[in-house]
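Please take these sequences and the hints and turn them into a complete structure.
4 protein chains.
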Amino acid sequence: MARVKSPEKRAAILRAAVRELANSGLGAPTAKIAARAGVAAGTLFTYFPNKQALLNELYLELKGEAYARVNAKFPGKGSLERRARHIWSSYLEWAIEFPEKRKVSVQLNVSDVITHDTREKTAAAGGAVRQTLSELDRRAALRGLPAGFASATMSALQEAAMEFVGREPRRRKHLMARGFQAFWRALR
Amino acid sequence: MARVKSPEKRAAILRAAVRELANSGLGAPTAKIAARAGVAAGTLFTYFPNKQALLNELYLELKGEAYARVNAKFPGKGSLERRARHIWSSYLEWAIEFPEKRKVSVQLNVSDVITHDTREKTAAAGGAVRQTLSELDRRAALRGLPAGFASATMSALQEAAMEFVGREPRRRKHLMARGFQAFWRALR
Amino acid sequence: MARVKSPEKRAAILRAAVRELANSGLGAPTAKIAARAGVAAGTLFTYFPNKQALLNELYLELKGEAYARVNAKFPGKGSLERRARHIWSSYLEWAIEFPEKRKVSVQLNVSDVITHDTREKTAAAGGAVRQTLSELDRRAALRGLPAGFASATMSALQEAAMEFVGREPRRRKHLMARGFQAFWRALR
Amino acid sequence: MARVKSPEKRAAILRAAVRELANSGLGAPTAKIAARAGVAAGTLFTYFPNKQALLNELYLELKGEAYARVNAKFPGKGSLERRARHIWSSYLEWAIEFPEKRKVSVQLNVSDVITHDTREKTAAAGGAVRQTLSELDRRAALRGLPAGFASATMSALQEAAMEFVGREPRRRKHLMARGFQAFWRALR
DNA sequence: GATGAATGAGGTTTCATTCAT
DNA sequence: TATGAATGAAACCTCATTCAT
Numbered sequence: 001m002a003r004v005k006s007p008e009k010r011a012a013i014l015r016a017a018v019r020e021l022a023n024s025g026l027g028a029p030t031a032k033i034a035a036r037a038g039v040a041a042g043t044l045f046t047y048f049p050n051k052q053a054l055l056n057e058l059y060l061e062l063k064g065e066a067y068a069r070v071n072a073k074f075p076g077k078g079s080l081e082r083r084a085r086h087i088w089s090s091y092l093e094w095a096i097e098f099p100e101k102r103k104v105s106v107q108l109n110v111s112d113v114i115t116h117d118t119r120e121k122t123a124a125a126g127g128a129v130r131q132t133l134s135e136l137d138r139r140a141a142l143r144g145l146p147a148g149f150a151s152a153t154m155s156a157l158q159e160a161a162m163e164f165v166g167r168e169p170r171r172r173k174h175l176m177a178r179g180f181q182a183f184w185r186a187l188r
Numbered sequence: 001m002a003r004v005k006s007p008e009k010r011a012a013i014l015r016a017a018v019r020e021l022a023n024s025g026l027g028a029p030t031a032k033i034a035a036r037a038g039v040a041a042g043t044l045f046t047y048f049p050n051k052q053a054l055l056n057e058l059y060l061e062l063k064g065e066a067y068a069r070v071n072a073k074f075p076g077k078g079s080l081e082r083r084a085r086h087i088w089s090s091y092l093e094w095a096i097e098f099p100e101k102r103k104v105s106v107q108l109n110v111s112d113v114i115t116h117d118t119r120e121k122t123a124a125a126g127g128a129v130r131q132t133l134s135e136l137d138r139r140a141a142l143r144g145l146p147a148g149f150a151s152a153t154m155s156a157l158q159e160a161a162m163e164f165v166g167r168e169p170r171r172r173k174h175l176m177a178r179g180f181q182a183f184w185r186a187l188r
Numbered sequence: 001m002a003r004v005k006s007p008e009k010r011a012a013i014l015r016a017a018v019r020e021l022a023n024s025g026l027g028a029p030t031a032k033i034a035a036r037a038g039v040a041a042g043t044l045f046t047y048f049p050n051k052q053a054l055l056n057e058l059y060l061e062l063k064g065e066a067y068a069r070v071n072a073k074f075p076g077k078g079s080l081e082r083r084a085r086h087i088w089s090s091y092l093e094w095a096i097e098f099p100e101k102r103k104v105s106v107q108l109n110v111s112d113v114i115t116h117d118t119r120e121k122t123a124a125a126g127g128a129v130r131q132t133l134s135e136l137d138r139r140a141a142l143r144g145l146p147a148g149f150a151s152a153t154m155s156a157l158q159e160a161a162m163e164f165v166g167r168e169p170r171r172r173k174h175l176m177a178r179g180f181q182a183f184w185r186a187l188r
Numbered sequence: 001m002a003r004v005k006s007p008e009k010r011a012a013i014l015r016a017a018v019r020e021l022a023n024s025g026l027g028a029p030t031a032k033i034a035a036r037a038g039v040a041a042g043t044l045f046t047y048f049p050n051k052q053a054l055l056n057e058l059y060l061e062l063k064g065e066a067y068a069r070v071n072a073k074f075p076g077k078g079s080l081e082r083r084a085r086h087i088w089s090s091y092l093e094w095a096i097e098f099p100e101k102r103k104v105s106v107q108l109n110v111s112d113v114i115t116h117d118t119r120e121k122t123a124a125a126g127g128a129v130r131q132t133l134s135e136l137d138r139r140a141a142l143r144g145l146p147a148g149f150a151s152a153t154m155s156a157l158q159e160a161a162m163e164f165v166g167r168e169p170r171r172r173k174h175l176m177a178r179g180f181q182a183f184w185r186a187l188r
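Top line first, the protein sequences correspond to chains G, U, A and F.
Note that my numbering has the first sequence beginning at 1, numbered continuously upward.
Note that my numbering has the second sequence beginning at 1, numbered continuously upward.
Note that my numbering has the third sequence beginning at 1, numbered continuously upward.
Note that my numbering has the fourth sequence beginning at 1, numbered continuously upward.
It is worth saying that the hints were derived from the structure and are not from the lab.
These numbers come from a predicted model, not from an experiment.
Among the hints, erroneous ones may be present.
Copies of the same chain look alike in the list, so a pair counts if it fits in one copy or across any two.
Listed next, the in silico DSS-like pairs over lysine-lysine satisfying Cα-Cα at most 30 Å (straight line) [as the list claims (entries may be wrong)]:
#1 173 x 32
#2 77 x 173
#3 173 x 5
#4 103 x 32
#5 103 x 51
#6 32 x 63
#7 32 x 5
#8 63 x 5
#9 121 x 77
#10 32 x 9
#11 77 x 51
#12 173 x 63
#13 121 x 103
#14 63 x 121
#15 51 x 173
#16 73 x 5
As structure tokens, then:
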């Protein structure tokens, strides 16, 4: 039987990609990524057909990881506010814990390398989150705002919150709480 | 005296850069930018010493243009809400009118090509906006939020609002108004 | 393991570099060197990190080759004159046999591309030659001439001799002998 | 009447060329030469049809200057040794006084930019020097050395002497005298 | 499957020279 | 004549991808 593609190597490549992309932007050479992952330049292409595919898979991975955080211990039966707060906090904690991952995720998001297909997949991975956010949307709708506005607002405000937590890590808890308050009021 | 460096050509290059960058990301070749601007490849480098400089100047130009929009007809003596609403609307209108400019501006912003120096210059160009936003900040501070949170929130929510206006251009007026309402409530 | 970096290819590149540099000076394009070596333009850079490095390694190679000639059959136990004559003749023969190599070596020498480091390495490669030349120097010192003058004089006179041997190859033996005589008398 | 080409500008360009070429080698850009000369890039080409012509004229100029030094106060009626010593010293003094000029002269000499025509012109400019050197050659010929060997030897030994004078400028007089002694003995 | 040398298209930038002013 | 902007060929080098080992 032939050797089998090792999940460890695949993971190492993705990990290395995060580091390199965070440092050098999307132009980071595949050779450097491979080197940091401890594999040969060519090996990268047995795990990913080309760079674009690598970037798309990385994007999925990052989004998936963030969603996993949110879904863990999700208070499925809590009030809408309780659930929204959970989403707010758990995602924010992930982003703060892994600033490089978040940075790369943002860069990939605004770039043109992410295919429509990939975007659909991440949307699908929403799970419990989607449900909650659409409930919020329905509330927002009463106020004449379109579907999706709630989640867009949340991520927009999280963006803002993150920057400040980055500057004053000590006040993290406080800033996260206040940030959520602002969010909640925005949609009230 | 010989031919004089023409502001038109400079402007054409910047205009072409917006188009190319919007289409192909920051990796867009200088040769293509020059071609679209109707000048020779080498000419680009008589107007900008290198690609990085071009991108930085472009960023300044875009930010400057947006600020100019906001500063025009700024109701310097209006209430805080009035002034905030003006900033909200006028910037949003610019962004909606020139989606490519906005896209490129965002891409430049998250990339690493923008120097510290450039960022300082854009900050300095704030003018009337800064004054208003810092008033907002002082209010926000009462709510335990850090300095700068107000403007970060505004631009984050504008980001969200833009997306929706893009999808439903007909409801532009309505969405802009509602979006501001959300913003205003967030900071109450 | 993948293909292994082939010494033949490296040698072919250096050989091609000699030809191209002899023809077109130090400005000879790396692309032409690669083409003459029968490799792709990019391949040159897997053997040498950049053009300057290529030129420095070439210089080392040429100097090394010349020294190897001299060191072969070096009459380590002969009289000072005998040893000096050997150096004189064997180097000269090399230079006459490979005029392009010598030309390139001279060009590299007066240019600014050769690093201090490279110069030190060639000096270190001197071996038996250095020993003999410093003996000569000690004799020269008696005549009030500074250390290093002997070897400088030798290479300077060889330079002159070479030109004439080039013009009248038939009288090579004779000219080499007379040239050495002039050298020997200069330092008596 | 049209403006006339100013000899001052021509001279300034040649002067600037020496500086630039000494610093950056023959690849020094014409634009930098022009800038250092205080003229516009294009002006350079009204004084010299192209770069190669500039380099050739510069070579002539440098050789001419050196010859002028030698011809001044030439002891036309002195003994052969007296005349040879004058050539030796006066050229050496020039070379020591203007190290950049000498460096550039050497670089031009080994390069391929100097045309056959230019070389003939410099040879022709020899004047009194040629006469003396050919007398030396006739003496050398008795020793079985070819025509031209005397002058080749002289410039070769001067090359060596210069290096050492450069290192110990204080002993200039002494080194020049001893160097000539070595030269004289070589041909004795 | 793993390796890394080989490839060559393509990127940025330089520069001699031209030419409108 | 003087200027310096404009030109575009060409230089060096990078890099995604292929493929012999």
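Evaluation of the provided hints:
For a Cα distance limit of 30 Å, the shortest separation of residue 173 from residue 32 qualifies neither inside one copy, at 37 Å, nor across copies, at 49 Å. Proximity of residue 77 and residue 173 under a CA criterion of 30 Å is satisfied intra-copy only: 24 Å inside one chain copy versus 38 Å between copies. For a Cα distance limit of 30 Å, the shortest separation of residue 173 from residue 5 qualifies neither inside one copy, at 42 Å, nor across copies, at 54 Å. Taking the closest pair of Cα atoms, residue 103 and residue 32 come within 30 Å of each other both inside a single copy (19 Å) and across two copies (29 Å).
For a Cα distance limit of 30 Å, the shortest separation of residue 103 from residue 51 qualifies both inside one copy, at 18 Å, and across copies, at 23 Å. Taking the shortest Cα distances, residue 32 and residue 63 sit within 30 Å of each other inside one copy (23 Å), while across copies they are farther apart (34 Å). In this assembly of identical chains, residue 32 and residue 5 lie within 30 Å of each other by CA distance both inside one copy and across copies; the values are 21 Å within and 20 Å between. Taking the shortest Cα distances, residue 63 and residue 5 sit within 30 Å of each other inside one copy (23 Å), while across copies they are farther apart (41 Å).
Proximity of residue 121 and residue 77 under a CA criterion of 30 Å is satisfied intra-copy only: 26 Å inside one chain copy versus 49 Å between copies. When the C-alpha separation of residue 32 and residue 9 is checked against a cutoff of 30 Å, the pair qualifies both within a copy, at 15 Å, and between copies, at 25 Å. With identical chains, the CA atoms of residue 77 and residue 51 are never at most 30 Å apart, being 42 Å at best within one copy and 54 Å at best between copies. Proximity of residue 173 to residue 63 under the C-alpha cut-off of 30 Å is restricted to the intra-copy arrangement: shortest distance 23 Å within a copy versus 33 Å between copies.
In this assembly of identical chains, residue 121 and residue 103 lie within 30 Å of each other by CA distance both inside one copy and across copies; the values are 20 Å within and 23 Å between. For the homomeric pair residue 63 and residue 121, the shortest alpha-carbon distance inside one copy (10 Å) is at most 30 Å, but the shortest distance between copies (34 Å) is not. With identical chains, the CA atoms of residue 51 and residue 173 are never at most 30 Å apart, being 38 Å at best within one copy and 42 Å at best between copies. When the C-alpha separation of residue 73 and residue 5 is checked against a cutoff of 30 Å, the pair qualifies neither within a copy, at 33 Å, nor between copies, at 55 Å.
Checked against the numbered hints given earlier, this structure breaks hints 1, 3, 11, 15, 16; the rest are met.
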